[in-house]
Structures are given as C-alpha cells and as structure tokens.
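Once you've looked at the hints, dock chain B against the given chain A.
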Amino acid sequence: MNPAEGANHYELLGVPHDATCHQVAQLRRSLSRRFHTDNGAEPNGELMARINHAIDVLGDRDKRRKYDDVLFEHEHRQARIEAEKLRQARAKEIRAEEIEAFAAALEGTPSVRSSSVAPPPPSRSVPRAHDLEFVAARHPSERTSGPRPWQALSRRAPHA
Amino acid sequence: MTPWSLRQVSTLLGGALADGTLSKESAGALLAVPNLAARVAEGLGEESVAPEVMLVSALADDSFSIAKQAPQVARGQNRLLDALATAQRSADVLVQTRLLNGAALGPYRTLATAPRMEVGLNYDARFHKTPLFDQVLITLAGALAKARAAGPSQSVRTFTLLITDGDDTVSSSTADQVAALVSDMALPCNHIVAGMGIGEADDFQEVFGRIGIAPEWILTSTESSQDIAAKFASLANSLRLAASSEQAFRRLVAGPASGTRAAAA
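Keeping their order, the protein sequence lines are chains A and B. Quick note: the first sequence, position 114, residue 114 per my numbering, numbers continuous. Just remember that my numbering sits 160 ahead of the position in the second sequence, which is counted from 1.
The reader is advised that the hints may include incorrect statements.
[Claimed, not checked] No more than 25 Å apart at the CA atoms, straight line, and that leaves these computed lysine to aspartate or glutamate pairs for DMTMM-like:
#1 Lys-85(A) x Asp-336(B)
#2 Lys-85(A) x Asp-363(B)
#3 Lys-63(A) x Asp-18(A)
#4 Lys-289(B) x Asp-363(B)
#5 Lys-92(A) x Glu-406(B)
#6 Lys-92(A) x Asp-363(B)
#7 Lys-85(A) x Asp-179(B)
#8 Lys-66(A) x Asp-336(B)
#9 Lys-92(A) x Glu-185(B)
#10 Lys-66(A) x Asp-179(B)
#11 Lys-63(A) x Glu-406(B)
[Said to hold, decoys possible] Short derived list, chain A residues pointing at chain B, Cβ under 8 Å:
#12 Ala-7
#13 Lys-66
#14 Tyr-67
#15 Ala-79
#16 Ile-81
#17 Arg-90
#18 Ala-103
#19 Glu-107
[As the list claims (entries may be wrong)] Under 7 Å between C-beta atoms, here's a sample of chain B residues computed to sit facing chain A:
#20 Asp-179
#21 Leu-191
#22 Thr-246
FYI, nobody ran anything at the bench for these hints, they're computed from the structure. Even for Gly, the Cβ is constructed at its ideal location relative to N, Cα and C.
Next comes chain B alone, as it looks inside the complex:
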C-alpha cells in the first residue's frame, strides 16, 4: 500500500473547494484542526476499482469515562463489520476505524483485511480528553478525500458513525464548523453521518444536533450492555441496507432502517 502524501490530500480537498463541494466555511473548519492533512493522509489506505464503493468510517470514543462500556463498543463495531461482510452488497466496502484521541486502527481497508477492535490490543479507553469536533473533522475530511480519490466512473457513498459518551472538551474547532462540513457532505445525498451517544452524562440529541447530524440519525443508549448491543444491531441492519444498493442507501439518508418511513409502510 503506497502512503498518501500531504500534496495528494491538499489536491483532493482543494479540488473539493474549487468545484463547490466544500464551502468556504468548511474549508476554514478543516484548517482549524492542527495537522489535519497528515491525519487524513495516514487514513486513506487501499483503493477499490469496483464501480460502486461504500466508505464506512467509524470514530470511537477512547476517553477513560467510556472504559466500562469499551468491550460493548468493540463488540458492536465488530458486529458492524460482520454484518457488512455477510450482506448482499452492490458496493465494494472500505472501512476505517479511528479513535477519538487521534489514533487510527488502520487506514481504509477492505472488509477482509479491516482490523477488528480489541480492548487492550488496539482499543484502550484511558485518555482524559474528548476532542470530538477536531476528530470528527478529520474523519469526515478523510471520507471526503477518499471519495474524491475514486475514478470518474465510480459511484461512492459514505457512511460515518460517531460513538461517544460525552460532549467535546478540548477541540480547536467549534460545533458550528463541524456542522458546516456535515452540511456540505450531506448535500449530494450520498453521505450519512450517524451519532451514537452512550450513557446519560449529556443530552446527545443536543451534542450531535449542534454538529449538524439529522435527528433521525442520532441514536442514544444507556450504559447497559443490552441497550448498546441493540443500538449496534439497528446500525448493522442499516449498514446492510446501505451496502445493498444505491437506492436503499438513498432511502436511508432520510433515517435508519427502523425509521418513520419504514414504519409507515
């Protein structure tokens, strides 16, 4: 796997600004995060030549406050990978899992080679900071850059999942800046950002709502293992659908698989 350079990242994201995919507000937001291009370059990883590609990006909290739930988070994330691996897919899936304090389990990889989360091995919830906004910007910028690296005949859709048990505590960027990028990425209707809030320390509708995540895609869970597992099961269903066809993905943009449209039918 050839490493990506800062020049390639700046070309990809500069292209997004040039063709209007990125607003100036979003561009300013990306520059508010120190070393963003380097973090993005580290994560770009493998390429796919399939006509349809789905990029799945997860950002998991690794602050010490979530340590008790870390095994459930790891199990849940692995369940998502399993769901995608066994799903009937119209798209080739590339996965990247990042952690809130800056580490990445690896760059974008195929499902066959994507690393699984293992508590104590590559996932250690021991940090005292929650730089949510900065890391969401890095994760989303990575997804955008990766999508733009695809060939002209490839159709790319992206699904980003944010998992946290608390609000931002330390970022250089602001909620409004993240919201600007979330909004830009949502415009072409080929990107879903979901937020999963664990515990009751914060109002996650508010936390995720401030950064522009649609209410339908804000999932909240108590700290119980069963509840966390149920939320991941729901996400697994959505991801299966998202991978199954472009049309199913478009439907999901309006809300998860168990959302109102499905209920009405």
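Same shape as in the complex, but just chain A:
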C-alpha cells in the first residue's frame, strides 16, 4: 500500500511503530474474529483485505523494513513541505525595516530605517519607564541602557 493513500499500516491496525512482528501477527486472529462476528454484521471485504495486507507487511521483518523506509521518506517529504510553507509564510510577513533593525541590533549599531518600527537609539540620559521595564525583562545586566530596536519584533504576535 502507498503510505500517501489514507491511513498507513500502523494507523490502520492501531499498533505503535515499536510493536514486534509477533505482536502484529497475533492481531490477525483477533481482528478477523471481531470483523466476522460483531453483531452478525457482514464483514467489509475491502477493509479485511487491507487489514490482512497490513498484517502481512508489518508481521514480516523484511517487508516491514522496506515499508518503513517508504513510509519514513513519505513522512519526511511531508514534513519538509509543511516546513517550507511555514518558512514562505514568515518570509512574506516580515518587513524590510524589521530585518534591518534586527541586523543592526546584532551588530550593536543603530538602524537608520528603523525609526518607524523601533524605538530611538539607546540613550542613557533619558530612559523611558516602559522601555526600561522591557529591557529589564530581557537584559538584567543592562537595565539602564535604554530601548532596543528589536522591540518591534518581540511585541508582534507569534507566527506559528
């Protein structure tokens, strides 16, 4: 079965990834009994075929190893796709002046274009109370050094 199509074998059987091959093989009897006898309901032939196939694969060491490889690569690809989507969404949202303010703060230099989104350059002579409070929260050692240009970054709502 292609892992990209619906539930994978583990999900279908409701077994953890570290279930032993023996444990999986034991499922055949109990699941088969349940599907054939539950309230006299007709067994779903297609579902039973999928379950039997999943048990065949996960109950066999070599088949399972191959399946795990395919499943893992599929999951990895999906994770990369999701990560790429998130990265692109972040890139769209970030503004040039925020990037510039970040880079300038890293270098310890004032950002020329940051005035619209960030507080004025650090000033020891006229600190403002709310700025000091913010700085104190982040820099216990620099309580009198005034506001920082990254305030615009940290005050925004999180992305993810």
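Below, chain B alone, put in the same frame as chain A:
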C-alpha cells in the same frame, strides 16, 4: 583563517530572518543575549567546499559542580571526534566545541585540526555559573550562521550536543526563547539537538524538554564513569550514522541509533 566580522554574522542571521528560516521569536531570542554576534563570529572558523557538510557543535558544562566528571566528559567528547574521524563519511565534518561559561576550544575546524578536550589545558570546570540558555543560543546561532555561509550547491546538516550537570542559573534569555530557536532549526529536518544530562541534581527530561529538545534526544547519565562512557558510546554510534549519508541522518532526526525505530526492525 580570515576572521569573520559582525557584519557578516548579521548578514547571515538577518538573511535567515528575511527568508523565514528564523521566526521573529527566535530573532528576539538572539538579541536577548549580550554580544551574541561577536561570540558567533569568533566561532565560524574554517570553510569547506565539499558538496555535503556536517557541522558538529558541542557545548560542554564547565561549572565547578561537574569537575569530578570533567575527565569523563573530555574523554567522551574526544571519543566522538575519533568516531567521526574513522567513520565512512559522505560529508565533510566541521567541529566546534564551546564551553558553558563562554570560552570556545576553537572555531569550526576540520576533524584533522579540531582541538581535543584536555582537562587543565583547555577544559577547566571551575566556574560558579551555568548560563545554559544564553550559551545554547550562541551555539545554535553559530551553527545556523555557519550553515548559511555554505554555497548554494552545498548540502549542510548539523548536529548539536549539549552536556550539562544542571539547569540554567544565570542567563539573560529564557527557556521559551531557546525552544523557539530549537524549533525553527528543527523545521527543515536537517538539524539534531541532543542533550546529555549528567548526575541526578536535576530532571534532565524537564531541563532539556523546556528548551525544545525532543525526548528521544535527551540522554541522562549517572555520575559513574561507566555510565557516562556508555552514553558517549551511544552518541558516537549516532554520529557515525549521521556522517554516513543524508538518508541515515534523516532517520536519526527521529531518534538515536538505538531508538525505537531501530528496535522495531
């Protein structure tokens, strides 16, 4: 080796913010650490032109409380270097070892020139502070900047190991801020952060869990030499695999070499 400038570091990390690799939370976290760019610049070191590169970064505790275990930590770290040196590698490996109180054994270097840890020579556990969060941010920012300095045709994967015997005591940054960066770096599935907690002074699942390290990659050891050696041996196996191929590295992202997937097979 040409020294890296603050401008180069800010360009590399600013680029990461611009293209969405770094979240704003992570960017704010980096700015919470005084002089982070300077510390990162000091550590960037040598470059590799190989098509595949693996950056191995270690951050070892040098607070006085770990002094008794310092020889085992140094031996273990050197064992990791030996394991990488003798491994079949698809990637060129660059290594950097930093210490928790701010010193670095050297910038990123090839395995042939990477300095070994020597107690009393370049590793002295005598400090009274454990600035874990700040130093993890510096180490991770260094790995990120170094990875971004690679050429467009190079594939870079990174493995970061944190070794401590206690929780943070003095950082400017917070656990949540570190977790934001760990999470960002984990997104593309080409970065592993492992935590090794030594001793029983703290619950290391909790200490490392709070900064975003996956449970599978949190190793705990008692203070015994044998136990510490066993944990480093396990890490050495993982590093060998990590260096062997990109596919093996991707597998490791889910857990160490002796993890559940391997056990199930």
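Verification of the hints:
no.	hint	verdict
1	Lys-85(A) x Asp-336(B)	holds (23 Å)
2	Lys-85(A) x Asp-363(B)	violated (35 Å)
3	Lys-63(A) x Asp-18(A)	holds (15 Å)
4	Lys-289(B) x Asp-363(B)	holds (18 Å)
5	Lys-92(A) x Glu-406(B)	violated (30 Å)
6	Lys-92(A) x Asp-363(B)	violated (40 Å)
7	Lys-85(A) x Asp-179(B)	holds (12 Å)
8	Lys-66(A) x Asp-336(B)	violated (39 Å)
9	Lys-92(A) x Glu-185(B)	holds (16 Å)
10	Lys-66(A) x Asp-179(B)	violated (36 Å)
11	Lys-63(A) x Glu-406(B)	holds (23 Å)
12	Ala-7	violated (18 Å)
13	Lys-66	violated (11 Å)
14	Tyr-67	violated (11 Å)
15	Ala-79	holds (6 Å)
16	Ile-81	violated (11 Å)
17	Arg-90	holds (3 Å)
18	Ala-103	holds (4 Å)
19	Glu-107	holds (5 Å)
20	Asp-179	holds (5 Å)
21	Leu-191	holds (4 Å)
22	Thr-246	violated (27 Å)
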